Structures are given as C-alpha cells and as structure tokens.
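K.L.:
Here is what each chain is made of, one letter per residue.
6 protein chains.
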Amino acid sequence: MLSGIVRSALMNNRRWLPAHAALRAMSSTGPTSPYTTLSVTRPAQSITQVELYRPEKRNAMNTAFWSEMVDCFNEIAADPHCRVVVFCGAGKIFTAGIDLMDMASNILQPEGDDTARISWNLRKKISKYQETFSVLEKSPKPVVVAVHGACIGGGVDLITACDIRLCTQDAWFQVKEVDIGLAADVGTLQRLPKVIGSRSLVNELALTGRKMYADEAKSSGLVSRVFADREAMMAAALEMAGEIAARSPVAVQGTKINLLYARDHSVPEALDYMATWNMSMLQTQDLMKSAQAAMEKKSPKTITFSKL
Amino acid sequence: MLSGIVRSALMNNRRWLPAHAALRAMSSTGPTSPYTTLSVTRPAQSITQVELYRPEKRNAMNTAFWSEMVDCFNEIAADPHCRVVVFCGAGKIFTAGIDLMDMASNILQPEGDDTARISWNLRKKISKYQETFSVLEKSPKPVVVAVHGACIGGGVDLITACDIRLCTQDAWFQVKEVDIGLAADVGTLQRLPKVIGSRSLVNELALTGRKMYADEAKSSGLVSRVFADREAMMAAALEMAGEIAARSPVAVQGTKINLLYARDHSVPEALDYMATWNMSMLQTQDLMKSAQAAMEKKSPKTITFSKL
Amino acid sequence: MLSGIVRSALMNNRRWLPAHAALRAMSSTGPTSPYTTLSVTRPAQSITQVELYRPEKRNAMNTAFWSEMVDCFNEIAADPHCRVVVFCGAGKIFTAGIDLMDMASNILQPEGDDTARISWNLRKKISKYQETFSVLEKSPKPVVVAVHGACIGGGVDLITACDIRLCTQDAWFQVKEVDIGLAADVGTLQRLPKVIGSRSLVNELALTGRKMYADEAKSSGLVSRVFADREAMMAAALEMAGEIAARSPVAVQGTKINLLYARDHSVPEALDYMATWNMSMLQTQDLMKSAQAAMEKKSPKTITFSKL
Amino acid sequence: MLSGIVRSALMNNRRWLPAHAALRAMSSTGPTSPYTTLSVTRPAQSITQVELYRPEKRNAMNTAFWSEMVDCFNEIAADPHCRVVVFCGAGKIFTAGIDLMDMASNILQPEGDDTARISWNLRKKISKYQETFSVLEKSPKPVVVAVHGACIGGGVDLITACDIRLCTQDAWFQVKEVDIGLAADVGTLQRLPKVIGSRSLVNELALTGRKMYADEAKSSGLVSRVFADREAMMAAALEMAGEIAARSPVAVQGTKINLLYARDHSVPEALDYMATWNMSMLQTQDLMKSAQAAMEKKSPKTITFSKL
Amino acid sequence: MLSGIVRSALMNNRRWLPAHAALRAMSSTGPTSPYTTLSVTRPAQSITQVELYRPEKRNAMNTAFWSEMVDCFNEIAADPHCRVVVFCGAGKIFTAGIDLMDMASNILQPEGDDTARISWNLRKKISKYQETFSVLEKSPKPVVVAVHGACIGGGVDLITACDIRLCTQDAWFQVKEVDIGLAADVGTLQRLPKVIGSRSLVNELALTGRKMYADEAKSSGLVSRVFADREAMMAAALEMAGEIAARSPVAVQGTKINLLYARDHSVPEALDYMATWNMSMLQTQDLMKSAQAAMEKKSPKTITFSKL
Amino acid sequence: MLSGIVRSALMNNRRWLPAHAALRAMSSTGPTSPYTTLSVTRPAQSITQVELYRPEKRNAMNTAFWSEMVDCFNEIAADPHCRVVVFCGAGKIFTAGIDLMDMASNILQPEGDDTARISWNLRKKISKYQETFSVLEKSPKPVVVAVHGACIGGGVDLITACDIRLCTQDAWFQVKEVDIGLAADVGTLQRLPKVIGSRSLVNELALTGRKMYADEAKSSGLVSRVFADREAMMAAALEMAGEIAARSPVAVQGTKINLLYARDHSVPEALDYMATWNMSMLQTQDLMKSAQAAMEKKSPKTITFSKL
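Here the protein sequences come in this chain order: A, B, C, D, E and F.
Counting in the UniProt record's numbering, the first sequence tops out at residue 308, every number present.
Counting in the UniProt record's numbering, the second sequence tops out at residue 308, every number present.
Counting in the UniProt record's numbering, the third sequence tops out at residue 308, every number present.
Counting in the UniProt record's numbering, the fourth sequence tops out at residue 308, every number present.
Counting in the UniProt record's numbering, the fifth sequence tops out at residue 308, every number present.
Counting in the UniProt record's numbering, the sixth sequence tops out at residue 308, every number present.
Honestly, the hints are just simulated from the structure, not real lab data.
Do not rely on the hints blindly, as some may be mistaken.
Any copy will do: because identical chains look the same in the list, a pair fits if it lies in one copy or spans two.
Said to hold, decoys possible - Simulated pairs of lysine to aspartate or glutamate, EDC-like, Cα-Cα distance not exceeding 20 Å:
hint, residue 1, residue 2
1, Lys124, Asp71
2, Lys307, Glu68
3, Lys289, Glu243
4, Lys289, Asp114
5, Lys92, Asp229
6, Lys128, Glu75
For clarity, every value in this text was computed on a predicted model and none was experimentally measured.
With these hints in hand, go ahead and build the complete structure from the sequences.
P.N.:
Written out as structure tokens, the structure reads:
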C-alpha cells in the first residue's frame, strides 16, 4: 500500500513538474538549471519557491540574474501547477543588491557613437532591467516575499514588486541608489510610495539612503509581519502560501490582477474593469464549490479546483 | 410658554422630516418604512443615523438591501436637513456580509441564452451592486461608520466607501470573497488599498481571507479610533457627527467632494478643480459667519447656516 | 596658515552666496531682505534654511508671505549652491496659519462687477495662493520641514508640500479651514491623503478640524521622526540635510522629481518616465565618483560634485 | 392564410412592444404617451424611432424634454426588442435648441440663499441637463441621427452624443450658446472636438456662433452622409438601421461600448479593456451563426439572434 | 461737441491701453516697445493684433523672440481691454521658423560639466521654449492666426497653439525639425495630431519634412478658411475677431478654457469640470443681457459687457 | 575601379543584413525564411520591405501569421540597418483579413474546464493577437503601408497601427468583424477613431461593416495619398521611405515615439515627456551635421549618420 502512495505521489509530482525547467523538490542546495542565480523548488503542492541563490556573493544581482528572473517568472505565469510563489534569499542575507563589479561595465561604460546613441542604448537597458521586477506583477500568481538580514538597493526594487512582504526581526532595508550617484530607476521610486503609508518616510529613505529596520518596516506597512528568525518566517510564509494555494485560482489570480489595476486607476475606472472582469469569472464552477464548502464549514483545502 | 417651545420644536421637527420616508426619532427598534433592512433615524439635529437592521440574520445583505441602500442614500443626498450620517449595525455584529442563501440565485444562476448574454446580465448586476456602496460616496454628506463585532465580506466593501471609520475593541474585519471563489467585485479591491497604508496587508487580507482585529485595523489606518464597547463608540460617533453638523455645510460637503476628487486625480488636476470649485463657494455667507465666530472664540455650534 | 583657510572659506562662502538675495550665515535674527516674512540663511555648505519669521504674529501668513514664498523658492530652485532646504518657524510655534486680519479683504471682499467676474477673480487668487506651496514641489531641491508647537490651517497646506516632515513632541496639527467656513483650497485636501496612510484619519481631520498631536502624526506617517524639543529637532534636521547635501545632486534632485512624478501617475507610466530621465542622467561623472567612494567605503561627504 | 400572417405579425408586434410605454407603429402623428415632446415608434423590427415632436415650437427643448429624454433612453437601453435607434425631428426643422421662454426661470432665476447655494443648485441642474444627452451614449444601442433644416444650440449638444450623423442638403448647424452669454455646458464643447477633424473649425463655430451648412458638415466629418431631402435621408437612415439591426447585438453593442471606451482612454488601456470584454463575448452563439452565414455568403438578415 | 466725442474716445483709448506696453493704434510699422520682434497694435476696440515683426529676417525666431512672446501674452492675459487676439506676420512670409544663426549656440553648445548637467540645462531650455507657445493657450483670450506665405518649423509649433487658423492661397507649411536632426520639441508633435483629422498626414509631414500647401491645409482641417491674398485674409480675421469681441467675455473665455480642458480629458471628466465651471459663470449679467438681445433680434455688438 | 565599388556595395549589403533572418534583395518571390507568410526584402539602403505573402490565399491571416509578425518586427526594431519599413501585400489584394478556416478552432473552440477558464484562455489569446499589430508601433522605425485592392477585417486593424497609409485608386476597406458576430478586438476600434477625423464615419464603418473606397479613405484622412495603381504607389512608397531613411535616425525615431506618446496623453504631459526625451537626444552629432547641410542647402541624403 505504501508503494502505491509513493507511486501516486511521484505521478502527482511528475504531473505538476513544468515541462521546461527542472524543479528540485523540498530542498534548495543551489541554483536550478537553467538558472545560475535562482533556485526553484516546489515545497508543497501548487507552491513554487524561488530563492536568490548566490549566497557566497550575498545574493548580489549580477548580469545573469536580470534575465533569469524574466525567464523564471514567465515560466511561472504559464505553469498551471503553480498557484502561488514564495520568494526568499539563500545564505546570510536576502540580497546585497546590484553586483557592482559584475554590472559596472553595463552601466558605467555604455555604448554608442554620440550622447544620443548612448542614451538610446541606456534607455533600452533600463527598460530591460525594470522588466526584471515587473514580471513579478505581470505573473498573476501572488508572490510572498520573505526577507532576512539585509535587503539593499535592487532588493528594495524587487520586494516592492511582490504582493506580500514578510521579514525577520534582524532584517533591514536600504534604498542604496542615491549613495552611488543615481536615482533608483528599476522600481523603488515608483512602487515604494504606493506600498507604504508615510510619504515623509519614503522620501527620507530615498534621499538619505539610511537603513530602515524591521520595526519601522512593520509600523510603516512595508511588511505586514515580522518573525523571530528565518526559520519561523519561512514556516509562516509557506503556511500563508498554502492558504492562498488552497483557494480558487480564479478568485486568487483575479484578485491580484484587479488589485494591481486599482493601484493605477481611479476608483470608478477600477470598478468598471472589475465588473467587466467578473462578468465571465463568476461563471466558474469554483464559486459553487467554494460556496458549498463555506456553507458546510469545510476548509477550502478540501476542494479540488480545475487548473487555471 | 413651554408649550410654545414644544410646538415650535415639533414644527421644526416636521420641517426637517424628509417627505418620502418616515424617520423615527432617537431610537431604532426596527427597519424604517419603506425599508425592510435599514433603520433610519434622526438622533440629533442635522444628523441622520442609518442602521443595518436584520439583527436576527446578523445583518446579512439580502436582495432587498442592495436596492434599499440606493434609495436611502439618494434621499439623504437630497435632504437639506441632513448634514452628516452615522452608519452602524443593529444587534450582535455589524454585518455577516452577503446573505448567500438569499442571493445565491442572483449570482449562481444567472440568466441568458448563451455565455455572452449571461455575462452581459452579470455585468449589469455587478454594476448595480457596486452602486449600492458608491451611493455612500456620491452623497456629499459625510458618513461616519461605527463597526462592532464582525464586519465580513460585503461589510468591508461597505465601510471602505464611508468617510470615517470607527470600531470597538472586539471588532474584526474579513475580506471573505476569496473564500467563496470570487474576486471581491463591489468595492473592496478598489477602495481598501486607498484607505489604508500597507499594501502588503491589503494583499494578505484579500488573498488569504484572514481576519483582522481592531488593533491591526487601527495601526494600519483602516479605522481612526477604537472604543471599549458599542455604547462608547456610538456616543463618540454621534459627538463627532455633531461636530461636523455644526460646521458650514458648504465647507463640509465641498471638503468631501474635493477629497474624493483628489483620490482619483493627480495633485495638479485636483488643485485646478479645487480652485474652480471654490471660486463660487467662497462667496458664501458661511465664510463671514464662521470667520466672525472664530475670531470671537465662539463655537461653530452657535452659528446658524442656511440649508444646502 | 589659519588666515589662508579663513580667507578661502570666506571666498567659498562668497562664491555660494546667490547673487540676488542677501543670505545671513548661521543665525536668524529676522526676515532677510528682500523678504519681510522669511528669514533665509545658509547654516552649512549647500544647505539653505528658510524660516517663517513673524514670531510676534505667530508666523501668521499675511499678504506679503504668499508672494515672498514664490520668489524665495524660485530663487532656491535656480541657486546652484543650494542642494537641500531646511524649513522651520521662528518663535513659539511653527505657524498659526492664515493671518485672517490681514487677508480678510482678499477673501471676503473679492472684486468684480457680477458673480461671474467675482468668481473669475477669486479663481485667479486661489491659483496664485496654491502656487505659494506648489513652488516647494517645483523646486527640485528636497525640503525638510521641522515643526514645533502649532501648525494650523495654511501650515498644514505648507508642510504637505514639503518632502520630509519632522516635529517636536509638543507639536500639533490642525486642518482649520472647515472652522472658518471653507473647503481647504491651497493644498491640504489634495496632498494630505497622499502623504499619510489612513484615509479615515484624513477625513476626520478635514471634516472636524480637530487637533492631531505628535504621536498620532508619527503613527499615521505624517512625520517620520519626533524629537524632544526644537533644538534636538533642528540639529537632526540639519544633520539629515547634510546627508542629502553630501550626495550627488544629480541623484538627489532626479529622485525628488521622479518621486513626485510617480505620485501622480501609474506605475508603468512612471517607470517609462524614469527610464527616459535616466538615459541621460546615468551619464554623469557623479556615478563613477560615488561608486568608487562606495567601493572604497568612503563617505559621500568626501566627494566633490560639480554644481547642478 | 393572410389572416394568419397578420395575426402572427401582430403577435410579433406585441412581443417586441416594451411593457411600460405605448409605441405606435409605423407613423408618427404626435408625442407618444407618456411623453409630451417625443414620439416613439417602431418603423421596423428591432428599430426604435425617436422623434422630437413639438413641430409647432420648432422642436424647442422645454422643461419636459430634458427629463423625458432620460426616461425614453433608459427604457430603450432596457428594451431587448430594440437593437438600434433612429433619431429625428418632426416638422420643418430638426430643432431650434433650448426653449428660452420655457427654460428661462431655470437658468436665469436660480434658487439659493447665497451665491454658494445658488451655485450648488446650478451645478446640480447642469449635471442633470448633461445627463439628457449622455443617456444617448450610456444606452448600448447605436443611435443614427437624421438632421434636416436647422440644428441649433442644444441640437448640436444632442447630435454629438449620437453615434452616426446624417443630414439633408438644406441642414445647418449652429453652436448658439456664445450668443446668449454662456459657454455651452451640456456637451458640445466636450464632444464636438472629438467627432470632427478640424479643431480650428470647432473653435470658430464655438467662439463666433456662426452657421455651418451641410457641405462643411460633410467635409469636416460632422456628418458622414448628406441627402437631397428629408424623405431620402429617412429612407437611408432606416436602411442603415436595418443593416445594424440585422447584425449580432452582442457584436454591435460591444462595438459601441468599446468605441466609446477608446475615445476616453489611451490605446493600450483600450486594448486591455477590449480583451477583457471579449473574453466572454466571444463565447456567443452569434459568432458561430454569423461565421457560418458569412461562409455561406448569406446575408446577416437571415440569422436569428437571441435577444440581448 | 465733436471735440468732446474725440476727447472721450481718446480717454477711452488711453484707458484701455495697458500700463506697461506702448500699443500703437491701427498700423504696424515696426516692433513695439518693449519688444524687438513683435509689433502689438489695437486695430479695433477689444482686439489686440500681434505681428511677428522681423520682416527683413523673414520673421525668423531669434533669442529675443522666445521670451518676448511670454511677456506679450502674459500681458494680454491680464489686459481687461483685450478680448481677442489676431496674430500674423509682417513682410513676405509668416515665418521662416527658428533663426538658426542666432539660436545655434543655445542648442548646439549647451553648458554643463558632464552629460547629465548638459541634459539638465537643455531640459530647462526646452521647457522654456515650450512656454513661448503654451502662453497662447494659457491666455484665455482666443487667438486667430492668419498665415501668408511660408510657415516653417517653429511657425507650425506656434500656429497649432492658436485657436483658429486662417491662411492665404499661397501659404505653405513645413514641419522642418526632422531636416535639422531633431524631433520637434516645442509643440508640433504634441498639438498637430489634435488639430487635424488625418494621422497619416501628420506622420508624413513630421517624418519627411515635406511642404503642405493651402488646399491640403484646408482639406485636412489645419486651417478652417483660405483667402485669395493677405489683405482679404486680414480683413476676414479682423471681422471674425470683431464677432468674438462682441460676445460676452465670460462666455468666450469660458468656452476657450473648457475646449482646451476637453482636449486633454475624457468626456465625463470634461463634463464634470464644465458643470463646476458654469455653476458660477451662469450667474453673470451677460446672460440676461445676451438673452434679451437675442430675443429682440439685436446684434451682440449692441450690448455693453463689463470688463473681465 | 568599378568592381571595387561593386564589391564595396556588396560588402555593405552584407554588413546590413541582419544576422538571424535571410533577407532577399530587391525582389519578392515568396515568403522569406524563417517566415511562411511574410516576404522580407531590402529594396534600398536602410529600407526594409515587408510583404504579406500568401497571394494564393488573398494574404489571409492564418495561425502562423500572428506570431511571425511579432518575430519580424522585433527583429526590425533591433536591426540598426533598418531605418524605415514599407509594408504591402503580394498578389491581387492587400489582405482578405483573418483566415477563418485556419483560425476557427482558435476562436470558436477555446479550451478550458469552465466558462471562467475558457475566458481566461481567450483573454490571453486576444492579447497575443493584439500584440501582432502593436509591434508595428513598438518598433521605433516608421512604417509606410501601401494598400491595393481589398483591405478587410484584420487588414484594417493592421494598417491603423502603421504610421503612414497610402492606397491605390481601386482599394477598399472594410471593418468586417461585426459581420461575423464580434466586436473587432485587435485594434480597429481603438485606433481607427484616432487616425481619421470623422467619428460618424468610424461608427458607420464599424457598426454596418460597409465598404469604404479610396476616395472616402482619402477625404476622411485614413490614407494621405491615393495612386493610380500598385506600381505607382510602390514607387512613391519607396521614395517616401527614402526621404525618411535619409534623415537622422535620432530625429526620425524620436519623432515616431513622441507622436505615439502624444496620442495617448494630454498636451502638457506630452510636452514634459518631449523635453525629458530631447534633453539627451539634442546632444547628437546628427544635429550639427543636419544643420550644416541645411545651411549649405545640401540634401539630407548627402549626410552619413551613425547607426542607431
């Protein structure tokens, strides 16, 4: 009988393994092929875990990272077996931000025959780097990000493009770009003011480059929960992801899409879009299944939803 | 002489009673004709109190509710004797949200000869249900909402469309829609992120359906004050309403209209609208009356303003 | 040798003194020519301090104030020697707001042959008064505002147009306009909801005119830091200004401009603008200088940036 | 056998007669109950004809007109038997515009205790009058307007809110409002620039009040066709309406809704909305029916579509 | 008695002469002090004529021109005696566009210590040059522009910011910027597509720099009237200006402001603004005066309106 | 010596051949590898010609077409040797529009376990098909489209996304979608109203599906030039493309990008973006080269610009 369960589990595993990337189950011991900077695993059904995986380099963002993120999250967006993502960093800290050594030539030695052409090429590059974090939003699967230790520079750009932010008590955050002579151009200046409630604080962080610690991150709303250590945080992140994964993917992904739409539109515009969205999405079997379970006081985890 | 005062008061009372709805004074013992789900009273001059009144059904939102709200607040908008609204729930909790039993057929069995036509009809219904809460904003009279006990699902849609939110220490809030298989489509996803300061928290609530208690509601800014119990809260709500009602209705209602305009526009757009609004509104006698009272250190309550 | 240093310092001083305004160094003992309501000093290199200076009138905003602010900040915007502004109030409180006595005729006795023409003139006046605070945003130099004691009416309009807000423990804030019969029309209704995280609180303040004290100002995010007294606050404000002034002006001013752009646009729009902005701004020598200092663990204060 | 056909026709007629308004078939000899200014008929299946019907007053827009339009087009929007509207004027001209005699008190003697309150009431009135023409857009049924003779003042506001404009060779158009001392406030200034291609012409018409004749109306794009006389125009209008009525109402009404959405949004915004709209609307049987007919080279008129 | 009339006329003249610029009446024989590139005259009551006046340089736009335009139109905006502007060019052609010789150093040799600082300074310059034409829109007085001969480069930027465009049969237009290696950055690319009806034509003109002659300018809607020669055009321009000047300035200027608002907003937004605008502007005596004259079939020219 | 020139030309040719697609020079005899529906050639230096190449199927748009277009124009966008595109159709007509036979299963038999999931998949498909034409805009190289014979359905979606439209005297255009039961969802409803000047005509075409012939296409502004036959049109298209290719690519591509930006934004927004764009782009050597050539009355064709 045991072997039957195992076999079934394996088949299940096989079924939810995306075709084009090798996902390693349950543990992360290094980057996952085809990635050199990311480790992608499936810690539980319907949950994909993405880990920044250059611990020896403090997860600094090198040239490979910027394009691997796009590939990784495009794949996640298309993967019907993934309903939610947990994003974290391997090693001692979440990320040291941009890998200046590796990236310097990209930024400091731009190509082009004159200033206009250098500008033209720089704009293409900036747009491409922006896409690295925008894919987190473009994928309709919610992303729970779990930050421990330092989250510096590009790390802040990254986490503000995630949906739910958690951190450990020892975490700190730093909008570092101003210290190296540039206005942060891959998302922080655009998203940070829309995810926390104090504009004075946003300006202080962005203009002075000072560190913000876990307590202030919590009271300002940057993170919604703080944990004693990485282990506790990861357990909570996976539990939260489990809650999300247990709910109707039609409901969950429609919620993410409409929350992002609402951020960028007026309330009347967003209500109109919502009605136009739900005129079809309410015609899902998930609604009947969920409503019935709710009335019967059953957990959503007991329901089987079709893939989306 | 006393009788003269009484008579005059009665006549005054009569004068500020709206023509088309019977308002019962000072106590709420059940729905007010012509409503079956709302109790409408006038606890003090210029203050209208609207109470969800299906206590035996935990103030669940049934079919009647959705249209009664529209009638009720359209009437309030047109009633020159009302300057501010206090909104609350009768019985043990604020509201259990949508009355699934009563509403199921509306949502689960939509009409139409094919998917397009079902969608067409669903869109009309969603838009109509959205209007149930949008009337709270379209009426220029500020709405102070006082929440005790549970505020679930549609209840969150409702309170985010109010202007000022108060709650009791035992209150809790739940974005329930994701649990029954749909993206919240009557206002929560559109308004919640614009009334509280932590986007991470908004996403957590909307994607997991977890409860949020009074303390977090206060620290996140959903409510601006928490009270020990319903009695203390209602006393404070009425006092606050009294403060608002005592001020110039030209100032108060212009403030509400322009605060909502500002929410949905850029700062320069909103400044332009404000200037265009006030070019006439500054030509009110209320300004002179108020300025004079302010200089004489008199309370606004001593001033008599013309009806608006 | 000492004399050489002094001479050089004096020459430096002379060099960074703007041509068209007399800046008094290090102390503020009264309004600075050509101003009657503002004192403008240079407490440290690259830092301009602007002080409301009618202490005997509780820094009330009289007719002169509204235009002096525009002149002052236009000059600051054009002054290459200023990289950051500290804004504060002289005397016992920050400001009592509008000087009703002085301004009454402007507002209460508008000119014009009929209502339309009076409205026309009022609109021009309101737009002009709005400009008084909008110049704080239009100048690309960050403004750190330090509030002690009372900040009333127009004071709230003023500080919400600044970038970073600090206050003392004894500070309080009051949206006073509703008390004198008008909707606040020079910025508070437009900016306050975008700088703090609780809309319920914004509405409460704007509709009731109640005072908000330092603790609530901090927890709501209106200010990002609270200090024991004015002295401690001013020291911290100058230190913070020093941090900002030490960083690349290309980075700092580009950050301010793009943060304001992001406030008024969707995230995708703001990202596009950012990329178009930085395609030239990344071609600054400041980037190389700053990156090198960062790698060498040197303070930004050791770097000399070209004027901007 | 003939009687059978007649009976069937009558029954058909009965079926498409809306419940709440008496529609007279095939001829228009006066206003239709409950209207005093409009004649509503059904000249052919699925086509509703609305006629301005105060010929003895040159179809001037009196007090009744402004609310009857709203009732009429709300009814049309809800009437499943109407798929397209032909709008025209009875008598010698299309319309002389506002009935100044009848409306003067509304505009020239507004109520209110002070300027602010008069303004408040005027704003409500203007908004209400704007709604009179906006209903033409809010109804998803396309409106073909046929203009003969004069189309003055409010007439231009009206026709610019219609979808397709036709006129006779003797027609002329006049933005009259500037002649009576006001900026046109019920639609012309907002819609005229968006329906014709020359902004110089729009400004000329609106600022000088000069007449524009049929040829210029055609060359500027205000109308898309000009006819020799009213008879020829009405025949063509009905034929065009017949073409529209023969097509899938899902396609036709979705087209109108998305064309209006595109007018008020950027191309990327409008494309997104369109995709969200059609994700359900493509699931209509009409698509299969229409595609099959198209492949079989059959006229759309041979297809029976479900009501919408 | 005649002398009395003359004296009174002179005094009237004197009264409507703006304080800070010497306007020469009825003829234009050269630039008007304090301008070196513009001739400003008053050809008839309430009409200001502005003439490009460097005929020997084909009215090329030199350094002085860009700031004189701003001064000139700010003055016009504030001048209560001006109700409408006629804009034209002295000499053989309307304008040859930018004076490359005079302007070259501004554009080709920008200042700044590095690319970022050069960019910073260039942006300020471009914004300043854009303002040169935007003042035409910011002044609420309508501008009728009359073009003869060539209208090249900056000339197209200029005329697209005017309200009504007229030209002679020999006029031609050329978007010249692409020929000298830059994207037109002072208005043409932004305004031209919004003033003519063919986007294909706009693109053709802007991308190839080809000339467009009067016939195509008329058929595309760039101009609304074409005249045989300059004399006929100027007579018509002044007659048209006379028609505009004869109408209520409240109506005329409110029309211009709302037409421009409508260009840049959705129809519902623009309707809302219009209602908020007219709630005060309808309270003008001009309405009664105009309505009465209209009913009495009198010309607007017989009415005396208060200054605005 | 001649052979030297030839060899050099060949080498030049080789140099501007993109690495990843085989371009056949000067003639188009069939689809170009890797495409099966498009023929891509280089008729002259810096000009890429893209031809719909399924003449035996009347260039109907089959499954392959929708993705080949994206690949093709992404490649064009990245190809520094291409400065302008000429787009046309092989065979008897431009295109018959969608290939219903080939595409039917995509649209008529969408996949998904319930209506919500079918909708989800349809939305992804529609978005993907929209991208097929949006790439024409996203590539900064201008596209001149030359239409002969019929341009039906998807053909109209395609050409409205091009920059300049030309046609032959025998061309006709048809918004066909309404005939097959759907609202046109890949661009026509969004772009057609923004490229022609008569909204009445747009609505007529979209709601009735009637044909529009060359004359009306010209007078309405859809095309800016009409030619006697395909040969004359192609010669003119290539000449026009030659004019564009001869000008500074910095100027040309910046013009296209800013014209599209202006379409989707208000004038002040677009001016701000333009200034921010040109602050770097004016620092091009092209400006000096072009200005010099212009002053020397030399053709732009004599200038050599660096690649972009």
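K.L.:
Could you run down the list of hints and mark each one as holding or not?
P.N.:
For each hint, the structure was consulted:
1. Proximity of Lys124 to Asp71 under the C-alpha cut-off of 20 Å is found in both arrangements, the shortest distances being 18 Å within a copy and 18 Å between copies.
2. Taking the shortest alpha-carbon separations for Lys307 and Glu68, neither the intra-copy value of 26 Å nor the inter-copy value of 29 Å comes in at or below 20 Å.
3. Taking CA atoms no more than 20 Å apart as the test, Lys289 paired with Glu243 passes inside one copy only; the shortest distance there is 16 Å, against 44 Å between copies.
4. Proximity of Lys289 and Asp114 under a CA criterion of 20 Å is satisfied inter-copy only: 13 Å between copies versus 62 Å inside one chain copy.
5. For the identical chains of this complex, Lys92 and Asp229 are intra-copy neighbours only, at 12 Å inside a copy versus 40 Å across copies, given an alpha-carbon limit of 20 Å.
6. When the C-alpha separation of Lys128 and Glu75 is checked against a cutoff of 20 Å, the pair qualifies both within a copy, at 17 Å, and between copies, at 16 Å.
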